[in-house]
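Participant: For reference, the chains in residue letters:
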Amino acid sequence: MIEIAGMALLAIGAACSLIGSIGLLRFPDVYTRLHANTVIVVGGAITSIIGTSVLGGLGSFTLKALLIALFMFITAPVTSHAIARAAHRSGVRLWEKSVVDKLKEAEG
Amino acid sequence: MMEIVVLGAMLLAGAMCAARAVIGPTAPDRVVAIDALVAISISAMVFLGFYYNAQIYLDVALVYAMLSFIGSIAVAKYLEREDVGA
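Chains A and B supply the protein sequences, listed in that same order. Position 108 of the first sequence, counting from 1, maps to 108 under the numbering used here, and the rest follow consecutively. Position 3 of the second sequence, counting from 1, maps to 3 under the numbering used here, and the rest follow consecutively.
The shape of chain A in the complex, shown without the other chains:
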C-alpha cells in the first residue's frame, strides 16, 4: 500500500517536471516563465522527493530527504521574487499582450 503511494507521488512529480519544462520552453517572457519554474520546483522536485522518502521508509535517509524538500520549499519563493524584481528593475520588457504592470504603477 505504502509503496503504491510512493510510486504515485514519484509519477506525479515526474509528470509535473515534464509539464513545467514544456511551459518553460513555450511561455513568452520571463515573468510567465517564473510560473513554469514554480511548477517544476514545487510540483515536480518536492513531490518526487517526498515520494522517494515515502518509499524509503523511516530512517536517516527519509529525514535527510525531507530536509532537502523543506529547504527547497523555503527558498523557491525567495529566488522567484528576487529574479522577478531584478528583471523588472533591469528593464526586461513584459510580453506585449500583458494587461497590467502593478510594480510600474506603484513606482510611478
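If you are wondering where the hints come from, they were derived from the structure by calculation, not from laboratory data. Every residue, glycine too, gets a C-beta built ideally from N, C-alpha and C. Hints are not guaranteed to be accurate.
Per label pair, the in silico range of CB-to-CB distance [claimed, not checked]: (1) Leu58(A) / Tyr51(B): 10 to 20 Å; (2) Glu107(A) / Ile56(B): 44 to 54 Å; (3) Ile19(A) / Met1(B): 19 to 29 Å; (4) Trp95(A) / Arg81(B): 17 to 27 Å; (5) Leu58(A) / Glu3(B): 18 to 28 Å; (6) Ile74(A) / Val22(B): 22 to 32 Å; (7) Glu3(B) / Val100(A): 44 to 54 Å; (8) Glu105(A) / Tyr51(B): 47 to 57 Å; (9) Ile56(B) / Glu96(A): 43 to 53 Å; (10) Thr26(B) / Val100(A): 15 to 25 Å; (11) Ala8(A) / Leu12(B): 12 to 22 Å; (12) Ala54(B) / Trp95(A): 37 to 47 Å; (13) Ala106(A) / Ala54(B): 48 to 58 Å.
Starting from the known structure of chain A, arrange chain B on it as the hints suggest.
Facilitator: Quick look at chain B alone, frame taken from chain A:
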C-alpha cells in the same frame, strides 16, 4: 521499469530546461532555466540515492540546493544594481 520511466522523464525535462538556458534571450531567462534544471537534477539525485541505497547522494543534493540558492540570489542582486557587494 519504473526507474527507467521516472529518470527518463526527468532527463527529458532537464534537456528542455537546458534548451531554454541556451536560447533564452535575456539573462533572467537563463537564471530561471538553470534554477529549474538544478531542481530537477536534485530530485534525480535523491531518487538515485534511494535506488543505489547510498546516502552520499543526499549530502551532494543538499549542498547543491544551497549553492543554487546563493547563486540565484547573487545573480539577481547583480542584475538589479550591477554590483554584487553591499
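Participant: Honestly, do Glu3(B) and Val100(A) meet the 44 to 54 Å range at C-beta?
Facilitator: About 45 Å separates the Cβ atoms of Glu3(B) and Val100(A), which means 44 to 54 Å holds.
Participant: Kindly confirm whether 37 to 47 Å is satisfied by the beta carbon distance between Ala54(B) and Trp95(A).
Facilitator: holds (45 Å)
Participant: Within 44 to 54 Å or not, the Cβ separation of Glu107(A) and Ile56(B)?
Facilitator: holds (48 Å)
Participant: For the hint 18 to 28 Å, verify it against the beta carbon of Leu58(A) and that of Glu3(B).
Facilitator: holds (22 Å)
Participant: Is 19 to 29 Å a correct range for the gap between the Cβ atoms of Ile19(A) and Met1(B)?
Facilitator: holds (22 Å)
Participant: Taking the CB of Leu58(A) and the CB of Tyr51(B), does the distance hold inside 10 to 20 Å?
Facilitator: Since the Cβ atoms of Leu58(A) and Tyr51(B) sit about 19 Å apart, the hinted range of 10 to 20 Å holds.
Participant: Could you say whether the range 22 to 32 Å given as a hint is met by the Cβ separation of Ile74(A) and Val22(B)?
Facilitator: holds (29 Å)
Participant: Is the distance from the Cβ of Ile56(B) to the Cβ of Glu96(A) consistent with 43 to 53 Å?
Facilitator: holds (49 Å)
Participant: Go ahead and decide if the range 47 to 57 Å is satisfied by the Cβ distance of Glu105(A) to Tyr51(B).
Facilitator: holds (51 Å)
Participant: Given the hint of 15 to 25 Å, is the C-beta distance from Thr26(B) to Val100(A) inside that range or not?
Facilitator: holds (21 Å)
Participant: That 12 to 22 Å hint for Ala8(A) and Leu12(B) (C-beta), does it hold up?
Facilitator: With Cβ atoms ~20 Å apart, the hint holds.
Participant: How does the Cβ-Cβ distance of Trp95(A) and Arg81(B) compare with 17 to 27 Å: does it lie in that range?
Facilitator: Given range 17 to 27 Å: holds, Cβ gap about 25 Å.
Checked against the numbered hints given earlier, the structure satisfies every one of them.
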